[in-house]
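So the sequences go chain by chain: H and S. Under this note's numbering, the first residue of the first sequence is numbered 1, with each subsequent residue one higher. Under this note's numbering, the first residue of the second sequence is numbered 1, with each subsequent residue one higher.
One or more of the hints may lead you astray.
What the hints assert, rightly or not - If you only want the chain S side, here are some residues facing chain H, beta carbon under 8 Å, derived: (1) L108; (2) S112; (3) P120; (4) R122.
Just so you know, these hints were derived from the structure itself, not from any lab. Glycine residues also receive a C-beta, built at the ideal position from the N, C-alpha and C atoms.
Each chain, letter by letter, is given below.
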Amino acid sequence: MADGVAKSGDTLGALGRGALRSFERTGRAGLFLLRVLKSIPAVLARPWLIVQQLYSVGVLTIVIVLVAGAFVGMVLGLQGYNILVRFNSEASLGTFVGLTLVRELGPVVTALLFAGRAGSALTAELGLMKATEQFPALEMMAVDPYKRVLAPRMLAGFIAMPFLAGIFSAVGIMGGYVIGVDLLGVDAGTFWSQMQKAVDFHEDMMTGFWKSLAFGFAATWIALFEGYDSVPTSEGVGRATTQSVVHSSLAVLGLNFILTAFLLETNA
Amino acid sequence: MNADQSSPSAPPATGPDVLISIRGLHFRRGDRVIFDGVDMDIRRGAVTAIMGPSGTGKTTLLKLISAQLPPDAGTIHVEGRNIHGLSDDELFEQRKRMGMLFQSGALLTDLSVFENVAYPLREHTKLPESMIRQLVLTKLHAVGLRGAAGLMPAELSGGMARRVALARAIALDPILIMYDEPFSGQDPISVGVLAKLIKSMNDNLGLSSIIVSHDVAETSAISDYVYVIAEGRIMDHGTSSQLGATRSEWTRQFLDGLPDGPVHFHYPAREYAADLFGD
Numbered sequence: 001m002a003d004g005v006a007k008s009g010d011t012l013g014a015l016g017r018g019a020l021r022s023f024e025r026t027g028r029a030g031l032f033l034l035r036v037l038k039s040i041p042a043v044l045a046r047p048w049l050i051v052q053q054l055y056s057v058g059v060l061t062i063v064i065v066l067v068a069g070a071f072v073g074m075v076l077g078l079q080g081y082n083i084l085v086r087f088n089s090e091a092s093l094g095t096f097v098g099l100t101l102v103r104e105l106g107p108v109v110t111a112l113l114f115a116g117r118a119g120s121a122l123t124a125e126l127g128l129m130k131a132t133e134q135f136p137a138l139e140m141m142a143v144d145p146y147k148r149v150l151a152p153r154m155l156a157g158f159i160a161m162p163f164l165a166g167i168f169s170a171v172g173i174m175g176g177y178v179i180g181v182d183l184l185g186v187d188a189g190t191f192w193s194q195m196q197k198a199v200d201f202h203e204d205m206m207t208g209f210w211k212s213l214a215f216g217f218a219a220t221w222i223a224l225f226e227g228y229d230s231v232p233t234s235e236g237v238g239r240a241t242t243q244s245v246v247h248s249s250l251a252v253l254g255l256n257f258i259l260t261a262f263l264l265e266t267n268a
Numbered sequence: 001m002n003a004d005q006s007s008p009s010a011p012p013a014t015g016p017d018v019l020i021s022i023r024g025l026h027f028r029r030g031d032r033v034i035f036d037g038v039d040m041d042i043r044r045g046a047v048t049a050i051m052g053p054s055g056t057g058k059t060t061l062l063k064l065i066s067a068q069l070p071p072d073a074g075t076i077h078v079e080g081r082n083i084h085g086l087s088d089d090e091l092f093e094q095r096k097r098m099g100m101l102f103q104s105g106a107l108l109t110d111l112s113v114f115e116n117v118a119y120p121l122r123e124h125t126k127l128p129e130s131m132i133r134q135l136v137l138t139k140l141h142a143v144g145l146r147g148a149a150g151l152m153p154a155e156l157s158g159g160m161a162r163r164v165a166l167a168r169a170i171a172l173d174p175i176l177i178m179y180d181e182p183f184s185g186q187d188p189i190s191v192g193v194l195a196k197l198i199k200s201m202n203d204n205l206g207l208s209s210i211i212v213s214h215d216v217a218e219t220s221a222i223s224d225y226v227y228v229i230a231e232g233r234i235m236d237h238g239t240s241s242q243l244g245a246t247r248s249e250w251t252r253q254f255l256d257g258l259p260d261g262p263v264h265f266h267y268p269a270r271e272y273a274a275d276l277f278g279d
């Protein structure tokens, strides 16, 4: 009896300590974000720092976005045609592909790819910088790592994501076109005119744009924090990189639901 | 000479020859006490060694002096100013006058040797490129690595990386350089070269140096004053010759590397036989 009570107490204690650690870490992540945001004005005076990071988080992610976008678009073309043809509505394939990519899959899948490629690279880079004492070395050279290292990466991730999502959607639409029109025989004029008629700039394209901005912000914040807050050992950096991808992916999916509900309500 | 620590409330030492004055320093990590009321003065123009067994907080002391860590209590005055009372901007200004050589070198791995040394100059000065090149080559020449300017950090040996880090640390002509275990993991030639370099730069450039090390022979040879720390306090201090004549059993054991004495080799544990065969 006494043993059971003691065990329950231990379990409750462990749960409590775990919850406290989570709250403490969330608070630390919030303070980290505030410091990064506070450092952004200083970075704007040195735009080449942002350009360098745009190359590493944006340009180097383009290939994976192009390939993934083409395949996703082709699958949409195939699946869409097979569903729509049952209702004699294959002429609406352009609408189906366009709306699906611009409103949902473009921003979401791009953000997941971003978290897996650019986000993990950011976390590993920062973790290794921490493990090799490069942050204290910068501080000892009177260089603020927030201004020199973190804020340029934050801005680059934020800026790059809408462009990447736009590229993903464009290539996906081309993929859907190739399958629907060239392979399955949907009329090209119908494909484009249906898409043009159904996809609204403000309601649909801007929905995708706002989502990609939010995902870029969240995924970059998580990647930077996980790297900067990592345990400075090889195991710690590895764990931080995994956590970065997992947390970013979950945050993107959760955020997508909230934003979809909010934007649908706003546009209604 | 045994430690004679003043009270924690004692005022910081002043005077033109005192660069750093530490009073009543307390610091702990979790439940473990690292410093328990340490008082220490670092003289200008001198090479001061901080020695002690591993894990006694020597590197932590450097981090406290450079305000990378805040103390739990006590004060650290650098050039007469409480370094932990400075604003961020004031702290960064102060750090331009302090260099630190990290144990790993801490070179920026995406920059070449030349760019690593040029980094603080590019960040804090508006010097023309030609002058930056001259300054960088001068600093690299001082550490014997002018020929390695084009190499990347991954292409350097441990000793070379530390010498590049040293060139970077003196790029802004600081008044103080702190060396964190400069000799650990180095071959005898590198140890000799680094020791000579530290002493000659200190004397020729008019620097003040703090060396954290447990390499007794090399560090004592180039130090003007030595503090031996352990168990959260200063166990002994004095010049190398004063420490050589110490009657402290603890200091004797540390300096001579004796296995038996007040410092135990074994981490605290229950009785050996009981551990092996059970109670």
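Against the structure, the hints:
The beta carbon of L108/S is positioned within 8 Å of a beta carbon in chain H (closest approach about 6 Å), and the interface hint is therefore held. For the restraint placing S112/S at the interface with chain H, the shortest Cβ-Cβ distance is roughly 15 Å, beyond the 8 Å limit, so the hint is violated. Below 8 Å, beta-carbon pairs count as interface contacts, and P120/S has one with chain H at about 5 Å; its hint therefore holds. Taking 8 Å as the C-beta cut-off, the interface hint given for R122/S is violated, the closest approach to chain H being about 10 Å.
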